[in-house]
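Work out the full structure, taking the sequences as your base and the hints as a guide.
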Amino acid sequence: MKNRIAAGILTVLGICTALLPGTSFAANIGHYELCNGAGAGYLADAITSGGGTPVNITVPDAAQLAGVSALLVTNCDNGSYNPEWTANLAAIDARVQAGMALVFYDRYVTGAGAQLPGGAGIVAVRDFADDRNIDLPAGSPLLTTNGGPATQTSLDNGSSSSHGYVTQASIPGGGAVLAHRTAPSEAVIIRYPRGSGSVVYSTIPADYYLSDDTSSGLPAEVLATVQATLNLTFGASTTCASEGYTGTKLTWCQNICEKGYTGATLDMWIHRWINRYRDLPYCARGGNEEPPPID
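Okay, so the sequence shown: first residue is 3 according to my numbering, each after it adds one.
Source of the hints: derived by calculation from the structure; they are not laboratory data.
The reader is advised that the hints may include incorrect statements.
As the list claims (entries may be wrong) - If you anchor each label on the Cβ, the simulated ranges turn out as follows:
id, residue 1, residue 2, range
1, ASN58, ARG274, 47 to 55 Å
2, THR55, GLN154, 27 to 35 Å
3, ALA68, GLY246, 30 to 38 Å
4, SER161, THR253, 34 to 42 Å
5, ALA40, GLY246, 40 to 48 Å
6, VAL127, ASN58, 30 to 38 Å
Built from N, CA and C at the ideal position, the CB exists for glycine as well.
Have a look at this one:
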């Protein structure tokens with residue numbers, strides 16, 4: 003009976019994200035490439051083709067960030083972070099906490115937590131042992147929604163689909179795994195709240211696929227992924243916390259919807275949830291579906 007119940011809910015989890023409408027980011031969006039110390043044409047193109055208005059950020063300080071709703075960043079350096087970025091991190095953090103979204107695609111990865119608002123505890127590992135595989139967990143808002151990757155294999159088999167990972171356990175509170183390597187604990191894209199804003203961080207070398215590599219279909223899929231992560235920052239964002247869950251219910255909801263668990267671990271938490279609450283967490287609700295019967 004456990005398997006039937008889990009399978010039923012996993013089906014709902016897989017379907018419900020397809021029911022979510024895509025969004026458009028018709029807003030001013032800053033763009034900044036750490037290697038340039040300024041914006042980049044490929045970032046401006048990604049923003050424009052997604053419906054936004056690109057704003058070239060030449061210094062990521064309070065004055066230039068004041069007029070943007072989101073900031074799209076890439077780091078094309080495999081060995082460092084631009085000191086200008088680090089020097090302005092306090093101003094970037096203040097804007098995020100005031101409501102700006104930061105979307106950061108990074109080649110270097112090592113020590114990335116120190117380059118992110120509220121990221122001091124993040125453990126980011128530069129690693130190429132499993133760099134050609136990227137999977138999306140059940141319920142990921144990137145899978146076929148918000149204009150994101152079409153399938154589980156869409157981001158696979160790049161020359162390096164990722165340059166490392168963030169350990170799942172180190173993601174700040176309220177955060178979620180949006181994509182991972184073969185091991186679900188090795189996150190490739192994460193998202194977490196920060197004040198009134200949010201941070202998306204990815205180890206995908208987006209600068210390479212958006213500007214240099216035209217040898218395969220992967221650039222189109224990376225563009226879709228970049229735009230999907232921007233889409234997440236606009237409109238209402240439902241989370242376990244925003245649903246009003248607290249205590250055990252909050253923890254269990256996060257285990258099902260926002261931690262990136264798969265397989266037997268995900269099945270276990272779904273089964274526990276239904277046995278106790280007799281309903282579905284937010285990420286498994288689509289339309290008027292009723293929870294399966296409890297045997």
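Next item on the list: Report the numbers of all earlier hints that the structure fails to satisfy, in ascending order.
Entry: none
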